[in-house]
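> Protein chains in written order, with the numbering used here: chain R, 1 to 75; chain D, 101 to 175; chain Y, 201 to 275; chain H, 301 to 375; chain B, 401 to 475; chain E, 501 to 575.
What the hints contain is simulated information worked out from the structure, not anything from laboratory work.
Distance windows between CB atoms, simulated:
#1 B:Thr448 x H:Glu302: 27 to 35 Å
#2 H:Asn372 x E:Ala541: 42 to 50 Å
#3 Y:Tyr230 x R:Asn72: 29 to 37 Å
#4 R:Arg75 x E:Glu536: 45 to 53 Å
#5 Y:Pro234 x E:Glu536: 46 to 54 Å
#6 Y:Thr248 x R:Val10: 43 to 51 Å
#7 Y:Ser208 x R:Asn72: 19 to 27 Å
#8 D:Arg175 x E:Ala541: 48 to 56 Å
#9 R:Asn72 x D:Pro105: 19 to 27 Å
#10 B:Val438 x R:Val10: 44 to 52 Å
#11 Y:Asn272 x R:Asn72: 17 to 25 Å
#12 E:Val545 x B:Glu436: 23 to 31 Å
#13 B:Val438 x H:Glu302: 44 to 52 Å
Just a few of them, taken from the derived set where beta-carbon distance is under 8 Å, the chain H residues facing chain E:
#14 Leu303
#15 Ile304
#16 Asn307
#17 Ser308
#18 Leu309
#19 Ala325
#20 Ile329
#21 Gln333
#22 Gly342
#23 Tyr346
#24 Ser356
#25 His358
#26 Glu363
#27 Ala365
#28 Ala369
#29 Ala370
Each computed DSS-like pair below joins lysine-lysine, with the alpha-carbon atoms no more than 25 Å apart:
#30 D:Lys119 x R:Lys19
#31 D:Lys119 x Y:Lys219
#32 R:Lys19 x H:Lys319
#33 Y:Lys219 x B:Lys419
#34 E:Lys519 x B:Lys419
#35 E:Lys519 x H:Lys319
Just so it is clear, CB atoms sit at the ideal spot from N, CA and C, and this is done for glycine as well.
Number of protein chains: 6
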Amino acid sequence: MELIPGNSLVTATPEEGRKLALELALHSIYAIQPDENVLRAGRDVYTTDPEELIASSHVVAIEFATIAAANNYWR
Amino acid sequence: MELIPGNSLVTATPEEGRKLALELALHSIYAIQPDENVLRAGRDVYTTDPEELIASSHVVAIEFATIAAANNYWR
Amino acid sequence: MELIPGNSLVTATPEEGRKLALELALHSIYAIQPDENVLRAGRDVYTTDPEELIASSHVVAIEFATIAAANNYWR
Amino acid sequence: MELIPGNSLVTATPEEGRKLALELALHSIYAIQPDENVLRAGRDVYTTDPEELIASSHVVAIEFATIAAANNYWR
Amino acid sequence: MELIPGNSLVTATPEEGRKLALELALHSIYAIQPDENVLRAGRDVYTTDPEELIASSHVVAIEFATIAAANNYWR
Amino acid sequence: MELIPGNSLVTATPEEGRKLALELALHSIYAIQPDENVLRAGRDVYTTDPEELIASSHVVAIEFATIAAANNYWR
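One chain only, chain R, in its complex shape:
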């Protein structure tokens, strides 16, 4: 599985950039743990645990910072 869908950080809009940030964060997890059964079991845990939801959103925020800079903040 590719790490960066489309192999580019350039997106037309901030919304697309935000989607890409979510994808990058997820694809990192897939790269570290490719077993879908393990991931599915884990998803039931982290998506219902506030602390882990916050930690996930933290990673998205950092990925988005990179993508936003790559797109010169869509200015």
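Fit chains D, Y, H, B and E to the supplied structure of chain R, relying on the hints for placement.
Just chains D, Y, H, B and E now, with coordinates in the frame of chain R:
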């Protein structure tokens, strides 16, 4: 639900930028966990746990850093 | 309650910038949890727990990085 | 073991940059803990624990931010 | 107690910049928790807990990033 | 003990820069906790705990981001 309300990082003032940062952090959570019942239960937990309140404010700080840079710090 | 006291990131000195960073971090918490009783109880916990004091200082460091950049490091 | 494969941050594409980010994160761990038995046992733990998978993806996101800036975001 | 000793981020050398980073991190803690007895008890805890030592060094790294940028990396 | 070996962030190569990042992270710990017995005991803990290994690599990633910027990414 959109990830970035208004599909732009540009805001008129720092205060609006800070509100957007809070929204981005929240919308990440909604994107990862769309079930409102789960979110409502989780909210009762994280908003009364200092460690998780601090972790939430941490994400807001990172989102705000991106938005502030996007607006050239409203200089 | 406003998120950014004075609705500006510009301060005259680094010391004022650091105070603003502390305020931004706190005001995020107030925005997420407006109930003062909950906050007061939480304060007794996190201000006496080294791990949470460190986590708080971490958020201040990130807010300050943004404010310092906004003020071109007061050079 | 080298810390930076190829001793360069420059990559041809974002995908290669992302791979390098994963490698940098892993090579840090090897440098801190060279014992492969310890690492193998640890891998079984962190790759099945959502919290640690998220923490790992967090490090990748930071490494990638550096590599992306090094490559001027492959613009 | 002042938050930023000397009310400036400018230092003559990286070593002085690193010292300032350590001071900023500590002064944040003092600002959040001014009670010296609480701090002394906490110090015995976090300076003997690897996880909290690592978390402390994490804050120093972020403060240093800001100070290094403020000094244009002493180039 | 000095905080920054060589009192400079400039290195000839990324690999040297990465080594410096590891050293900066370690020297922060020494500065916070100078007692070698405590450090040795702690090392046995954090180098065999995946969560703390990940947290350590996180600090290295941040230190490296600063050093890479200081060296203009060795471009």
